[in-house]
Structure formats: C-alpha cells, structure tokens
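> One letter stands for each residue in the lines below.
There are 2 protein chains.
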Amino acid sequence: MQYSEMSKEDLLALKQELDAQYAEAKGKGLKLDMSRGKPSAMQLDVSLGLMDVINSSSRLAASDGTDCRNYGMLEGIPEAKKLMADIMGTTPEHVIIYGNSSLNIMYDQVSRAYSHGILGNTPWCRLDKIKFLCPVPGYDRHFAITEYFGIEMIPVPMSQDGPDMDIVEQYVNQDESVKGIWCVPKYSNPQGFTYSDETVRRFAALKPAAKDFRIFWDNAYAIHHLYDDRQDEILDIISECEKAGNPDIVFEFASTSKISFPGSGIAALAASAANLDEIRRQLTLQTIGHDKLNQLRHVRYFQDINGLKIHMKKHAQQMRPKFEAVLNVLDKELSGLGIGSWNAPRGGYFISFDAMEGCAKAIVAKCKEAGVTLTKAGATFPYGNDPKDSNIRIAPSFPTPEEMAQASDLFVLCVKLVSIEKILETKYA
Amino acid sequence: MQYSEMSKEDLLALKQELDAQYAEAKGKGLKLDMSRGKPSAMQLDVSLGLMDVINSSSRLAASDGTDCRNYGMLEGIPEAKKLMADIMGTTPEHVIIYGNSSLNIMYDQVSRAYSHGILGNTPWCRLDKIKFLCPVPGYDRHFAITEYFGIEMIPVPMSQDGPDMDIVEQYVNQDESVKGIWCVPKYSNPQGFTYSDETVRRFAALKPAAKDFRIFWDNAYAIHHLYDDRQDEILDIISECEKAGNPDIVFEFASTSKISFPGSGIAALAASAANLDEIRRQLTLQTIGHDKLNQLRHVRYFQDINGLKIHMKKHAQQMRPKFEAVLNVLDKELSGLGIGSWNAPRGGYFISFDAMEGCAKAIVAKCKEAGVTLTKAGATFPYGNDPKDSNIRIAPSFPTPEEMAQASDLFVLCVKLVSIEKILETKYA
Numbered sequence: 001m002q003y004s005e006m007s008k009e010d011l012l013a014l015k016q017e018l019d020a021q022y023a024e025a026k027g028k029g030l031k032l033d034m035s036r037g038k039p040s041a042m043q044l045d046v047s048l049g050l051m052d053v054i055n056s057s058s059r060l061a062a063s064d065g066t067d068c069r070n071y072g073m074l075e076g077i078p079e080a081k082k083l084m085a086d087i088m089g090t091t092p093e094h095v096i097i098y099g100n101s102s103l104n105i106m107y108d109q110v111s112r113a114y115s116h117g118i119l120g121n122t123p124w125c126r127l128d129k130i131k132f133l134c135p136v137p138g139y140d141r142h143f144a145i146t147e148y149f150g151i152e153m154i155p156v157p158m159s160q161d162g163p164d165m166d167i168v169e170q171y172v173n174q175d176e177s178v179k180g181i182w183c184v185p186k187y188s189n190p191q192g193f194t195y196s197d198e199t200v201r202r203f204a205a206l207k208p209a210a211k212d213f214r215i216f217w218d219n220a221y222a223i224h225h226l227y228d229d230r231q232d233e234i235l236d237i238i239s240e241c242e243k244a245g246n247p248d249i250v251f252e253f254a255s256t257s258k259i260s261f262p263g264s265g266i267a268a269l270a271a272s273a274a275n276l277d278e279i280r281r282q283l284t285l286q287t288i289g290h291d292k293l294n295q296l297r298h299v300r301y302f303q304d305i306n307g308l309k310i311h312m313k314k315h316a317q318q319m320r321p322k323f324e325a326v327l328n329v330l331d332k333e334l335s336g337l338g339i340g341s342w343n344a345p346r347g348g349y350f351i352s353f354d355a356m357e358g359c360a361k362a363i364v365a366k367c368k369e370a371g372v373t374l375t376k377a378g379a380t381f382p383y384g385n386d387p388k389d390s391n392i393r394i395a396p397s398f399p400t401p402e403e404m405a406q407a408s409d410l411f412v413l414c415v416k417l418v419s420i421e422k423i424l425e426t427k428y429a
Numbered sequence: 430m431q432y433s434e435m436s437k438e439d440l441l442a443l444k445q446e447l448d449a450q451y452a453e454a455k456g457k458g459l460k461l462d463m464s465r466g467k468p469s470a471m472q473l474d475v476s477l478g479l480m481d482v483i484n485s486s487s488r489l490a491a492s493d494g495t496d497c498r499n500y501g502m503l504e505g506i507p508e509a510k511k512l513m514a515d516i517m518g519t520t521p522e523h524v525i526i527y528g529n530s531s532l533n534i535m536y537d538q539v540s541r542a543y544s545h546g547i548l549g550n551t552p553w554c555r556l557d558k559i560k561f562l563c564p565v566p567g568y569d570r571h572f573a574i575t576e577y578f579g580i581e582m583i584p585v586p587m588s589q590d591g592p593d594m595d596i597v598e599q600y601v602n603q604d605e606s607v608k609g610i611w612c613v614p615k616y617s618n619p620q621g622f623t624y625s626d627e628t629v630r631r632f633a634a635l636k637p638a639a640k641d642f643r644i645f646w647d648n649a650y651a652i653h654h655l656y657d658d659r660q661d662e663i664l665d666i667i668s669e670c671e672k673a674g675n676p677d678i679v680f681e682f683a684s685t686s687k688i689s690f691p692g693s694g695i696a697a698l699a700a701s702a703a704n705l706d707e708i709r710r711q712l713t714l715q716t717i718g719h720d721k722l723n724q725l726r727h728v729r730y731f732q733d734i735n736g737l738k739i740h741m742k743k744h745a746q747q748m749r750p751k752f753e754a755v756l757n758v759l760d761k762e763l764s765g766l767g768i769g770s771w772n773a774p775r776g777g778y779f780i781s782f783d784a785m786e787g788c789a790k791a792i793v794a795k796c797k798e799a800g801v802t803l804t805k806a807g808a809t810f811p812y813g814n815d816p817k818d819s820n821i822r823i824a825p826s827f828p829t830p831e832e833m834a835q836a837s838d839l840f841v842l843c844v845k846l847v848s849i850e851k852i853l854e855t856k857y858a
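Chains S and H, in that order, are what the protein sequence lines are.
This note's numbering puts the first residue of the first sequence at 1, with every later residue one more than the last.
This note's numbering puts the first residue of the second sequence at 430, with every later residue one more than the last.
Simulated from the structure, these hints should not be mistaken for laboratory data.
Cβ atoms here follow ideal geometry from the backbone N, Cα and C, with glycine treated the same way.
A portion of the hints provided could be inaccurate.
Among chain S residues calculated to face chain H with C-beta under 10 Å, some are [what the hints assert, rightly or not]: (1) G49; (2) S56; (3) S58; (4) D67; (5) M73; (6) H116; (7) L119; (8) G120; (9) N121; (10) P123; (11) I145; (12) S239; (13) S255; (14) R280.
Work out the full structure: start from the sequences and follow the hints.
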C-alpha cells in the first residue's frame, strides 16, 4: 500500500516501529561513504599491472620515435591519441591528449573562452551576461566551474533519452547569451541515462544564436559498462556535428580516471580542426607539454580498445555487486510505497534516487546522523539548489557490497521515516 | 686588435679569408640545434632509475597513508611538498604540488588573476591597463604568457646582481598598473646571473602601488649547478618577504623538469598562507588533483635534498663539458676583438652572448644557413624585440660536447663575418 493512502494511525504505528529500527541502526556505529564516485582499493588493484609495464629497460619512445622522456609532442603521442579516440568513438586527428584530469580540460576551455573568446568571438568576460544550460540532475563539479566564472545556469530537465531537447533548442537557437551546455551523454551522472540517437542528432543539428556556443560533452563513462550483455551505445557526436554542418559546436572530454588510476590517468579533448588549431596556439603558451611517459604506460598496458574492453569487464565485476546490493534493497523495501523512484543503470558510477518532494535534505541528514554519508542533497543541481528537494545521488563504488547492503538498509529506513513525517505534516497536520 | 680599429683593407682581407672558411663550413652539412634548453638523451639516462622505483609490488601509499592511486590530496603528498620545498629553500607549508609543468602554474596564476583577481582585488580583465616588468634578456615563454593576456611588458635591464632595482622600485612603488615582474632569480635565463642578497631584499621590501602586485619568481634552476666547488646561492624570497612584512607579494615556481624528465616531472608553487588559501579554493574547482603516483615515484627515487644534490652532480658532469666547449671557443676566438661579450655561468642552461649592436639577427641567420639553429634573435626580449639587436641565447645542453665545439666554431665565424660587415657598413661606407 502506498504510504500516502495509509491512515494517520497506521502511519504513526509504522513510524514508531521504524524509529526503533533507526535507534538500533544508530547504535551500530556505521561509518560508510556513498558520497563520491571514487573507486575502491580492490578496484584499483585491477590496474596494478600498469605499474610494471614500462621500466628502465623499456624502449621509452613513442611509435613515431619521440623520446617520451624529453620535451616535445605537445598534443600527445600518436598511440595515446588513437586509444583515447577509440574510447570516445572518434578518430585521432580530432584528439589532443592532456594531463591527468578531464575536469581540468573543461575548466581551461571555459577559462580561455572567458579571457580570450572562442574563434574570434568576444571574450565572455567582455559580455554582460553568459548562460549555460544544465541538464538536471547533473554533475556538481560542472556546475562549480560555471558558477566560478559567474555564468548563469539554467536547469533543463533530463529524461531517459537525455535532456529535454525542445527546451534546449529553444534556448540555444534563440538566446545569444547561451554559450554552452554541460552534458554527460552516456551513463549520465547521476541517473545513468544514455542519450538516444535522436537526442544526439538534435544536439548536432542545433542552430545556435551564439556563434561561440559549445556543447561540453563530458564522455566520462564511455566504456564504463556494468554488464556484458546489456550495454548502452551512443552516436559519435563529433561526426554527427560534422554531418549536420556544425563541426565546431562541440568539445568532447574523456579520461582514464576510472579506467586506470584516478589522478594518475590520462585525459583528452576531442574537437574540430578549427577548434583544435586555436587550442594548440594557446596550449603552447600554457604548458611545456603533458606527461608522455604516462601516456606510453597507458598504451603499452591497454594496447588497444579491445584491451580496454577486457579491462573494463574487471571493473564491472567489482561494481556490479555493489549496484545490485543497493537496487535489491530499494526494490525489496520501497517498491509500491510511492515514496521514491530510482533507476537501474547499465553503467556509470551512480544511482539516482528521487524522494518525495521536500524530503531529500532530511533523508541525507538522517543517514549522516547514523553514520552513512551521501552526496549533499541539492548537489546535483546548479547552485546546490534542488527546487523540489527530491534528488539524492548514491555512489556505490567505494564501500564493499556488504557495506553497500548495510548502507542501503539504513537509507531505505531513513526514506521511510522522513516520508512518513512529511505525509503526517502535510496531510494530517 | 679590436675589429673596429682595423683598416678597411685589413677587414676586407680578413673577410675574404672568413668567407672561404664559411663556405667550407657550409659544405659540411651540419645539423645542430642550440635553440632550446633541452636535455640530451645521455642526460636523460641519468634519471632512468626513476622508472624502476615503484612497481606493482610497492606500497603505493604516501607517508600519511593516502593511497596514491586514488582521488584526493589536492595539494600533493606531504613528502613531495617537503622535497619541492627543499629545492626552493622554503618550508612545506608554503607549497602546493601541481602537475608536470611549472610554466602551466605560472600561466594559471596569470589567468586566474585576469579572470578573478587576486585576494579580492579587481580582476585584471576589468582594468584598462595592466603592466609587467620584464628583466631583459629573459625567458621567451614568460613573455609569451603576458603578451597573450594583453599585458604591457616593460623591459628592465639586468646586471650581474639581478634586475636594475632602482628602476624596479620606481615602477612598482609608483605605478598601480604594474601588477607583476618575471624573475629567474638563480642562474637566470639566459645570462646565468644570480640575484644578490641585496637584490632579493630589495624585492622583498618593495612597497607596491598595486595591492595585487606579485613577483613571479621562477626558481627554475635552483639546484642546477655546473660545478661542485663554485655554486651560487640565493636568499629564500618567501621568508625575506615575510620578514619585510610583505608575505603575499611573491609566487615562487619550481619543477623537476631538468632534474628528472622534462614533461614527466613534478612542479610546485610556493606562496604565503593567504595566497595558498585562495589558490586552493580555485584549484578544487579546476582539477581532481595531480598525479600522486608520479609524486611518489620522485620522492622514493630522490629520497631527500641530499639525494637530489648527488643526482644533480651527474647532470653537471654531462653539462659542464658542453658549456666549456662553447666558452673555450668564444675565449680563444673572440677575446679582445671587441665584437661580442658573454658570461661564464656557474649553472643553469644557457650562455648569453651580446654581439655588436644590430648584428644578432644576421648572426643567427648566418648560423642557420650553415646548419646550426640558435634561439631566434630577439626571443629574449618582450614581443621578440631586442632594441639593440644584440643578444643571442646559446643553449648547449642538447648536442654532444664535440658537436658543441663544431657549432661554436661556426658561431664565432658568423659573429666575425657579420661584425666585419657591420663595421664596413657603418664606419667605411
């Protein structure tokens, strides 16, 4: 029976029971963190071989003869470009290899647009108003970058197929101050949705009012599947934009942060020739080049996209039981109660939970009080403001499956309690 | 006898002889590059052990227990801070570890000052005019950053003791639009001069008209000595600024680019607590953190400052013969002719040569024609404009000592020829 259909007496009785359970749970002294998409130590072990693949006896030269120990090759070694292109589903000539952080590339793209403009357009710092569209729920660190640069963020609702493209088209094609949109197109953060072919094609076919509008296409989970037999696929945005006569409107980002080691991986940007030419001119001023030995380490270890696919299955083996632990508890405990909805993603790092309106903050606080840390409620919205106070991001990667089951038990308990309180307060007050 | 005192006939006779030598040299088909401060392959071999120091069997945790394979520790691991602090002669609490490129840190410092301002002051992009002082000759990549941000560059003459501090004080203490100065305080690029204690103290005691004035102290060659017995020392700018009541006026930079591997080293920033607090707030938006495994690799390999000193002696063994090869030829061939002056540095990567006025471009072109590439004439000045067309930067690191001797023979030949032409043109025209 849905909680909202229960009588006041039944709700109060249930609440008493759940309060007792909560008191007991609190007594257990849990200390679990489901707040960030951080791999577990066991998952990091999957990539340990990366530490052995090159040493002082190795030929430390790239395929084109470049000594990876010295200056040079600002754009990265050819085989690293090929590997990262394959991850993104594009071709190496569209790719520049950066350092260890794709977030850093995104920041730099916004920062340079702000200080110098894009392809001859007015620098954003000279304009009164700059806006970005932000599909919600979304990734807090995207929003943090645009907020830092004083860019107004406009939420756009997400669906299973991606952002609401009617709204996206309306803003992008009519408002010249809309300069960008943040996208996690595959296994989106936090919902795990993958943009449909139609969504990708509508992105490629945008007719932006602003010449310097760019899609910030953060392909963070391109090969991060949870299952062998059920995998999402996505169209290549770069070639779709080319086909649509819009080659310059997209910047694509990827990294091996959740493939090899977070912080010690390699990151890449993919874009059109015109965009890359401009970026190269600036990059040569900004850095002496990125770590080519680490690029070499990665390509020697993974070899090619097939090596990567085999590797990602090992990650999936670690991740799947954790996702299933959460989903099993949610299904068993919350189905049919009408107090929350969630998704069962096929990849990525998160489960997105939507509580009853006005309950997310209270649920997160109640979990915290009993030792389970969740991502801050609101974090998945621009300015940390979820207008419905409903969305909660669950990150199952760091704890063990057993800990995830424990944490989920507490989570559903808190969802039930907070929901009952909300119903009592609104319906029976 | 000085060339300028020779008769026209004698000069013409000498020119004929030198022309013949030049024609012969051209026939040799030399292909040597003295243009960049790039280590040779043999020099890179000195650091090969770095490739073996951590592997899959190693404990990949920092001294504080941080798993270096995962996210976290935005500022770098404690032992890396200590190592980089020791290189700069400061203490770890003043240090943030970055990625592989100190140039990238400098760029980011300018970029953030431009977009967001420093410690609450107006962002530079909102000001009509921003100026930087540029001790000359100096480092072209510094000048390239300030030029990219539209910052007006004002040359300040260098001496053996550092920049002309009367001029520096006059500008900095009186002109609010002067926001920075580029310094390579030790074994300066290209002259190899080291700032005297008085110079450092006068820097620390500046009373800038602009609250957001900063000294950009690029301590690139802090431990890059050529000799065991003759080494320059420099005062610690961070503590000198503290003592002078000016803790916030300096950003110091260093890297292991020319200690371990260029492009695969680690880089660091040192600054006051107030500066670091502001930088941390932005850095957390910009990146997921830097490569801690590479930090670990460096600290495990070098251990401490003593390990570094022993290591740098190996570099010196490679570099010294190359410097001496150049200096021997210059001394033997050009002394007393009055057509050039140069320095004999005790460290760093360069020899600075000052030709007769109006001769540098022609000398560089003449060398190029015979197969020896030098740094572009003018590169050591802002906007690539050496008003006297006199300074030439010689980078002896990449070729072998034998090649350096060959290249130097050609260089002095070109200096002689171009000087004679200049004298004939100006005195006997």
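> Against each hint, give a clear statement of whether it holds in the structure.
Verification of the supplied hints:
A distance limit of 10 Å between C-beta atoms decides the matter here; for G49(S) the minimum to chain H is near 6 Å, and the interface restraint holds. The criterion of a C-beta within 10 Å of any C-beta in chain H is met by S56(S), whose closest approach is roughly 4 Å, and the hint holds. Interface hint at S58(S): satisfied, since its Cβ lies 7 Å from the closest Cβ of chain H, which is below the 10 Å cut-off. At about 6 Å, the closest approach between the beta carbon of D67(S) and any beta carbon in chain H falls short of 10 Å, and the interface hint on this residue holds.
With a least beta-carbon distance of about 8 Å to chain H, the hint placing M73(S) at the interface is held under the 10 Å criterion. A distance limit of 10 Å between C-beta atoms decides the matter here; for H116(S) the minimum to chain H is near 8 Å, and the interface restraint holds. For L119(S), the interface hint is violated, the least distance from its beta-carbon to any beta-carbon of chain H being 16 Å, above 10 Å. Evaluation of the G120(S) hint against chain H yields a violated restraint, the C-beta minimum of about 15 Å exceeding 10 Å.
The beta carbon of N121(S) is not positioned within 10 Å of any beta carbon in chain H (closest approach about 15 Å), and the interface hint is therefore violated. Satisfaction of the interface hint for P123(S) is found here, the shortest Cβ-Cβ separation to chain H being roughly 8 Å, below the 10 Å cut-off. This hint holds: I145(S) has a C-beta 6 Å from the nearest C-beta of chain H, less than the 10 Å allowed. Taken as an interface hint, S239(S) does not check out: its beta carbon lies about 29 Å from the nearest beta carbon of chain H, beyond 10 Å.
The criterion of a C-beta within 10 Å of any C-beta in chain H is met by S255(S), whose closest approach is roughly 9 Å, and the hint holds. The interface hint given for R280(S) is violated, since its Cβ lies 13 Å from the closest Cβ of chain H, which is over the 10 Å cut-off.
Hints 7, 8, 9, 12, 14 from the earlier list are contradicted by this structure; the remaining hints agree with it.
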